[in-house]
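*Asks:* Listed below, chain by chain, are the residues.
Protein chains: 2
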Amino acid sequence: MSKGAMNLSKKVEPLPEEFDPKEIVSPVALELNGVLEECAEKKREIVLGRNVHTMCYTISEPEADDDDTGEREAYMASVLARYRKSLIERTKHHLGYPYNLDFDYGALSQLQHFSINNLGDPFIESNYGVHSRQFEVGVLDWFARLWELDKNEYWGYITNCGTEGNLHGILVGREVFPDGILYASRESHYSVFKAAKMYRMECVKVATLVSGEIDCADFERKLLLNKDKPAIVNVNIGTTVKGAVDDLDLVIETLEKTGFSGQFYIHCDGALFGLMMPFVKRAPKVTFKKPIDSVSVSGHKFVGCPMPCGVQITRLKNINVLSNNVEYLASRDATIMGSRNGHAPIFLWYTLNRKGYKGFQKEVQKCLRNAHYLKDRLVEAGVSAMLNELSSTVVLERPKYEDFVRRWQLACEGNIAHVVVMPNVTIEKLDCFLDELIRSRSSWYGDGESRPPCVAADIGEENCCCDEHSKSAN
Amino acid sequence: MSKGAMNLSKKVEPLPEEFDPKEIVSPVALELNGVLEECAEKKREIVLGRNVHTMCYTISEPEADDDDTGEREAYMASVLARYRKSLIERTKHHLGYPYNLDFDYGALSQLQHFSINNLGDPFIESNYGVHSRQFEVGVLDWFARLWELDKNEYWGYITNCGTEGNLHGILVGREVFPDGILYASRESHYSVFKAAKMYRMECVKVATLVSGEIDCADFERKLLLNKDKPAIVNVNIGTTVKGAVDDLDLVIETLEKTGFSGQFYIHCDGALFGLMMPFVKRAPKVTFKKPIDSVSVSGHKFVGCPMPCGVQITRLKNINVLSNNVEYLASRDATIMGSRNGHAPIFLWYTLNRKGYKGFQKEVQKCLRNAHYLKDRLVEAGVSAMLNELSSTVVLERPKYEDFVRRWQLACEGNIAHVVVMPNVTIEKLDCFLDELIRSRSSWYGDGESRPPCVAADIGEENCCCDEHSKSAN
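Sequence lines, in order, name chains A and B.
Each step along the first sequence adds one to the number in this note's numbering, with nothing skipped, and position 246 is 246.
Count along the second sequence starting at 1, add 474, and that's the number in this note's numbering.
Where hints are given, some of them may not hold.
[As the list claims (entries may be wrong)] Partial chain A-side listing against chain B, Cβ under 7 Å, derived:
#1 58
#2 74
#3 78
#4 90
#5 91
#6 99
#7 127
#8 390
#9 411
#10 414
[As the list claims (entries may be wrong)] Label pairs and their in silico Cβ distance ranges:
#11 403/A / 581/B: 29 to 35 Å
#12 558/B / 70/A: 28 to 34 Å
#13 102/A / 562/B: 53 to 59 Å
#14 660/B / 88/A: 47 to 53 Å
#15 71/A / 925/B: 55 to 61 Å
#16 581/B / 428/A: 29 to 35 Å
#17 537/B / 440/A: 43 to 49 Å
#18 69/A / 578/B: 18 to 24 Å
#19 453/A / 653/B: 44 to 50 Å
#20 578/B / 64/A: 18 to 24 Å
[Said to hold, decoys possible] Not everything, but these chain A residues come out facing chain B in the computed CB check (under 10 Å):
#21 84
#22 103
#23 113
#24 115
#25 129
#26 162
#27 167
#28 254
#29 336
#30 343
#31 353
#32 442
#33 443
#34 445
Just so you know, the hints here were simulated from the structure itself, not pulled from any lab data.
Cβ coordinates follow ideal geometry from the N, Cα and C atoms, glycine included.
Generate the whole structure from the sequences, applying the supplied hints.
*Replies:* Following this line, the structure appears as structure tokens:
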């Protein structure tokens, strides 16, 4: 617990009169916070459902003379300046999450003074005039065109994040098929299973191949066990951990040959690759010309945006199922959230307009190229690594120590970690990471006592460089 | 449909090569957009589930020489400048929504360059380092203290909006009592009923008094009909339309005398007043010293924030019900969303730190004073109006014409409209509104043929100034 947090009186206090302005965090405590945070890296423990105050900037009551002395302003400015410095540092050393951190929205800073809110449906104007629907609809049109759904046949909105997209897609699926069963590969994003629990839906987990793709043989078996109920299927266009792309065509074929024609709803979770895939040659196309029903994608990932956001596109006729019965959602709209951030659509509009489809194509190519570079260098150095063909997510053995993982902000699962090569990840940054990793590994494993983990179960024997599998390969 | 939108080719196009850069919206089209938007005010039609493109800024593919000519940048700058102008205008004429538009976050504009994301649980650090949990936890502590819940006994997070708070509170309630019935007054926010449908919960609507408060006699009757199942109760701390505050003490008393002790969960939807009430003398206190389970409040309303956000506080032991079973949400956290906007907590932290509890107290007093002023002047002028004792929401007869409603961005329901007096609503602004309303009314109703609507059913005979009720009052 930080000094600042400890300063907070232990018991709950009644209202204003009894506040002690001395509780303000002093610059010294801040310094300590910084130190404590460093320490925390080493012995962090993840416990669900505990509100551990590892560090916090306590809010304290202003003193009566604060306006005159300017001390409060000075204190807040110092907190913010330190925070900004840490953001720069952390943004620099960041490889594990698929966020494009390379953006310049200087032209939009003038809009921060407005409370922009796209309440409810993007296509129904609310009386609240401070909105950005004209930008939002422009962005939606762009995505509908990308995924080949006619302007008069789509409905959609800009969400708060990929999770909201999945929550929405699966909810629409449930309304179209109220007794439908949700099928999702076990490597699907956790929000898919969260949705099933929230919505009280029956959910069947489908096995995956080593690549991370859905195993359609297992899918077929499970469909045949439940032929009496419609299928609501989550298809991953890029899984979270391995960047694996489910074979959409094979999923559809499997549904059709098991007799589910007309009795299925497909939601494509395209969190990251939904936007990259259309620009990758040979990739099975995500398009509404195929019998899919909704696609969601994150806006803060490949596009890059200061805050999380996403795009949700679905067939208008599905939304009509909801809205034919206005009572259904007891609201004038078919979104999950009510108030919606009106800044996000402007950020997206700005970037899409500047880069265009062609600009994105170039960036996708660069990412794939850099991802191959990283994977090749890892393999050369004897580090277990895998890169799916259509992906820019490089999976590698988990670095031995947590401080290394934290420094590079790698996302880990079991024995593997991954690096997501985004447009802001340059060859220079990768070289810096590689050099550090290779140097660290020789100190971790140089003595011969401790050895790198076996990751054959995660990424296949052919990609595993552990002692056993590298030997058998020779 | 605007010229800009019409420029979009009708059918869906394949990828980049075929894009026509001529599709860019020309300045002339923009001019037209402005005009068309004005017209739209008059003949707007609300149709659910239709994606009507009333107006949109089309995104077009950049030309090859855009970087050299600078034309694209110039075009985008012109769109943004016009948009900014319209935002200033709309922000000025805004009375109907409870958003405090009076804020200056200039000091925070430096942070817009960072992709700040508080993925998952505020109390569990994720490996993604570019977060603002230290600010978020500071804000949560402040609210937990306001509502008198000990630091070690609460759990919470900063949400995307009031709706997410309600979705969360009701979900936790359902997990605590899986077969519980949701009770909510019929004037509850629509997100409460949306939650019931999403979660497949049985939901009982309770009648309201004329003031808008829950009718506890009806509540009692309905509880007695369902004594075999636990009760999950939504209590409104300020209804959306009338600003009515449900009598929390009476709700608890009703639950206890009908034998529901230990068999109920109370969620307080404090969207707006959850933050104002603690500062109103004589108001029944919202406090966790009473047997309530969760409170949600919006951050963009009374506090003021450029984007929608909210605060959710619940008892830690309730969250343990979820998290004891980690599989439950299939995630490491108990939030609804996954990625979460990391800027919002900093905005809240900044304002709370500057104003303090005392600052809010002053603003609440000012709002209540100004609301009384508005209500008194309306009554003097013979306009039907009502103001609940603990509220700053003034309910009045709906203005006859939609263009007046839109100009002042009033929220309407049936024959009534309301003005929410927020800190940015000054006496000058109210005078301007009143003068315009009174002048307009004399032109609407001066000829004696058309008469103001009767709103006795909505706000009570004593507050209705229609011909019949004003006569009977004399």
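*Asks:* Is the interface hint satisfied for residue 445/A? The criterion is a beta-carbon contact with chain B at less than 10 Å.
*Replies:* violated (22 Å)
*Asks:* Hint check: is the beta carbon of residue 90/A less than 7 Å from a beta carbon of chain B?
*Replies:* Residue 90/A check passes; min Cβ-Cβ to chain B is 4 Å, inside 7 Å.
*Asks:* Should the hint that residue 129/A touches chain B count as held when the rule is a Cβ pair under 10 Å?
*Replies:* It holds, given that the least Cβ distance between residue 129/A and chain B is near 4 Å, below 10 Å.
*Asks:* When you take the CB atoms of residue 102/A and residue 562/B, is the distance between them in 53 to 59 Å?
*Replies:* violated (31 Å)
*Asks:* Is the shortest C-beta separation between residue 74/A and chain B less than 7 Å?
*Replies:* Cβ of residue 74/A sits 11 Å from chain B, so the hint is violated.
*Asks:* Starting from the hint 44 to 50 Å, judge whether the C-beta atoms of residue 453/A and residue 653/B obey it.
*Replies:* Holds, since residue 453/A and residue 653/B (Cβ atoms, about 46 Å apart) stay within the stated range.
*Asks:* With a cut-off of 10 Å, does the beta carbon of residue 103/A approach a beta carbon of chain B closely enough for the hint to hold?
*Replies:* This interface hint holds because 8 Å falls under the 10 Å limit.
*Asks:* Any CB of chain B closer than 7 Å to the CB of residue 78/A?
*Replies:* violated (11 Å)
*Asks:* Double-check residue 84/A for me: the hint is only fine if its C-beta lies closer than 10 Å to a C-beta in chain B.
*Replies:* Because about 6 Å separates residue 84/A from the closest Cβ in chain B, which is inside the 10 Å limit, the hint holds.
*Asks:* Cβ-Cβ distance between residue 660/B and residue 88/A: within 47 to 53 Å?
*Replies:* The hinted range 47 to 53 Å holds for residue 660/B and residue 88/A, with Cβ atoms some 52 Å apart.
*Asks:* So, residue 167/A near chain B? Judge it on the closest CB pair being under 10 Å.
*Replies:* This hint holds: residue 167/A lies near chain B, its Cβ roughly 8 Å from the closest one there, short of 10 Å.
*Asks:* Holds or violated: the hint that residue 99/A contacts chain B, with Cβ atoms closer than 7 Å.
*Replies:* holds (5 Å)
In the structure shown, a violation is registered for the earlier hints numbered 2, 3, 8, 10, 13, 28, 32, 33 and 34, in ascending order.
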